[in-house]
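Visitor: Sequence:
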Amino acid sequence: MGKYKVLDIFSFLPANVISLEQLEKMFLDSLSEISNNTKLGNEEIVVTCSSQSWFTENIKECATELKSEGKQVAYIVCNEKVISVIGYRENE
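Counted from 1, the sequence shown has number 78 at position 78 by my numbering; the numbering is strictly sequential.
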């Protein structure tokens with residue numbers, strides 16, 4: 001079993017653009033450093049665990065909800081736009 005378990009995925013793109021499974025894989029790959037240059041079309045994808053001041057209120061609310069449930073939060077960003085908020089835990 002992996003080191004991390006994804007519990008929630010908030011996606012801001014339709015499934016025909018990127019599936020929840022693809023988002024989960026991007027997140028897990030970024031943590032294990034399998035992939036350093038994931039792309040969505042021609043745009044580079046970045047996975048970060050740091051909130052940014054330019055995040056919208058909707059993004060911040062998603063993160064707050066996940067944190068209130070005791071989950072860690074990561075953001076998948078494409079072209080300076082958050083496309084997904086991930087709630088996860090480290091496996092014990």
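No wet-lab data here; the hints were simulated from the structure. Heads up, a few of these hints could be off.
Listed next, the in silico EDC-like pairs over lysine to aspartate or glutamate satisfying Cα-Cα at most 16 Å (straight line) [what the hints assert, rightly or not]:
hint, residue 1, residue 2
1, K5, E69
2, K5, E44
3, K3, E24
4, K81, E57
5, K67, E43
6, K67, E90
7, K3, E90
8, K5, E61
9, K3, E92
10, K60, D8
11, K60, E44
12, K5, E92
13, K81, E44
14, K81, E21
15, K71, E43
16, K5, E24
17, K71, D8
18, K3, E44
19, K67, D8
20, K71, E44
21, K60, E43
None of these values were measured; they are calculated from a predicted model.
Visitor: State for each hint whether it applies.
Guide: Cross-check of the supplied hints:
{"no.": "1", "hint": "K5 with E69", "in the structure": "14 Å, holds"}
{"no.": "2", "hint": "K5 with E44", "in the structure": "24 Å, violated"}
{"no.": "3", "hint": "K3 with E24", "in the structure": "13 Å, holds"}
{"no.": "4", "hint": "K81 with E57", "in the structure": "13 Å, holds"}
{"no.": "5", "hint": "K67 with E43", "in the structure": "29 Å, violated"}
{"no.": "6", "hint": "K67 with E90", "in the structure": "14 Å, holds"}
{"no.": "7", "hint": "K3 with E90", "in the structure": "6 Å, holds"}
{"no.": "8", "hint": "K5 with E61", "in the structure": "21 Å, violated"}
{"no.": "9", "hint": "K3 with E92", "in the structure": "8 Å, holds"}
{"no.": "10", "hint": "K60 with D8", "in the structure": "15 Å, holds"}
{"no.": "11", "hint": "K60 with E44", "in the structure": "22 Å, violated"}
{"no.": "12", "hint": "K5 with E92", "in the structure": "10 Å, holds"}
{"no.": "13", "hint": "K81 with E44", "in the structure": "11 Å, holds"}
{"no.": "14", "hint": "K81 with E21", "in the structure": "20 Å, violated"}
{"no.": "15", "hint": "K71 with E43", "in the structure": "28 Å, violated"}
{"no.": "16", "hint": "K5 with E24", "in the structure": "9 Å, holds"}
{"no.": "17", "hint": "K71 with D8", "in the structure": "9 Å, holds"}
{"no.": "18", "hint": "K3 with E44", "in the structure": "25 Å, violated"}
{"no.": "19", "hint": "K67 with D8", "in the structure": "11 Å, holds"}
{"no.": "20", "hint": "K71 with E44", "in the structure": "26 Å, violated"}
{"no.": "21", "hint": "K60 with E43", "in the structure": "23 Å, violated"}
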